[in-house]
Amino acid sequence: GAVVSQHPSWVICKSGTSVKIECRSLDFQATTMFWYRQFPKQSLMLMATSNEGSKATYEQGVEKDKFLINHASLTLSTLTVTSAHPEDSSFYICSASISLLRDSPYNEQFFGPGTRLTVL
Amino acid sequence: KNQVEQSPQSLIILEGKNCTLQCNYTVSPFSNLRWYKQDTGRGPVSLTIMTFSENTKSNGRYTATLDADTKQSSLHITASQLSDSASYICVVHPHPGFQKLVFGTGTRLLVSP
Numbered sequence: 001g002a003v004v005s006q007h008p009s010w011v012i013c014k015s016g017t018s019v020k021i022e023c024r025s026l027d028f029q030a031t032t033m034f035w036y037r038q039f040p041k042q043s044l045m046l047m048a049t050s051n052e053g054s055k056a057t058y059e060q061g062v063e064k065d066k067f068l069i070n071h072a073s074l075t076l077s078t079l080t081v082t083s084a085h086p087e088d089s090s091f092y093i094c095s096a097s098i099s100l101l102r103d104s105p106y107n108e109q110f111f112g113p114g115t116r117l118t119v120l
Numbered sequence: 001k002n003q004v005e006q007s008p009q010s011l012i013i014l015e016g017k018n019c020t021l022q023c024n025y026t027v028s029p030f031s032n033l034r035w036y037k038q039d040t041g042r043g044p045v046s047l048t049i050m051t052f053s054e055n056t057k058s059n060g061r062y063t064a065t066l067d068a069d070t071k072q073s074s075l076h077i078t079a080s081q082l083s084d085s086a087s088y089i090c091v092v093h094p095h096p097g098f099q100k101l102v103f104g105t106g107t108r109l110l111v112s113p
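Chains as they are written, first to last, in our numbering: chain W, 1 to 120; chain Z, 1 to 113.
FYI, nobody ran anything at the bench for these hints, they're computed from the structure. Treat the hints with care, as some may be off.
For the chain W half of the interface with chain Z, some residues (derived, Cβ under 7 Å), not all of them [what the hints assert, rightly or not]: (1) V3; (2) F39; (3) P40; (4) S43; (5) L44; (6) G61; (7) A72.
The structure displayed is predicted, hence computed values, not measured ones. Quick reminder that beta carbons are idealized off the backbone N, C-alpha and C, glycines included.
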């Protein structure tokens, strides 16, 4: 099956520093990658949609200057949390989509294992 | 507004017992519905995916059903195991080609020995 990895799996940083999280599709090419944030006991919240070679589309309320997304290749997307603060502490999950036919109901997103970010 | 509601919010069952989780959605038009299992501190893992024309889909001890008329789905877990303890999330894909998913809040299942 399609495998998506994330690195690091967890990170602790000081307030004011920047943290980069990588998301890779290991055995397939993903034209679209998604970044989610999940707070304890809550569901996943979409932060942004990233297409290879183009600017990410951010959801309402997500600061694009704070959460920098780069999707430089079909197998790698990165999320950089700039000037992190304790309220940015969360579980960040990426997913990658295999685009079959444009209107295929089986277009599926495969999720990474997540990155736990703790900002002190 | 597209919404996905799940019930119960949490559930405790004894090992070996069966259970059924419910999902009601208002998403329309509707492309497919997915059930995911999410272990604590891990990303979601797909259990089943059903298009609007499918009524049931099985994956081992997991069986999902779908009634597109009433906009309801269920996930039935047979002969539960301790490793089934996790959150189960119902996710609806609103429209072909538009990939923003609508997530339910999940059901937290605890299987006790």
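Going down the list of hints, with the structure as the test:
1. V3: Cβ of V3 (chain W) sits 11 Å from chain Z, so the hint is violated.
2. F39: Violated, because the Cβ-Cβ distance from F39 (chain W) to chain Z comes to roughly 12 Å (cut-off 7 Å).
3. P40: With a minimum Cβ separation of about 10 Å from chain Z (threshold 7 Å), the hint on P40 (chain W) is violated.
4. S43: Given a least distance of 4 Å, the restraint on S43 (chain W) holds.
5. L44: With a closest approach of 5 Å, the L44 (chain W) hint holds.
6. G61: For G61 (chain W), the interface hint is violated, since the closest Cβ of chain Z sits about 15 Å away, which is over 7 Å.
7. A72: 20 Å, violated
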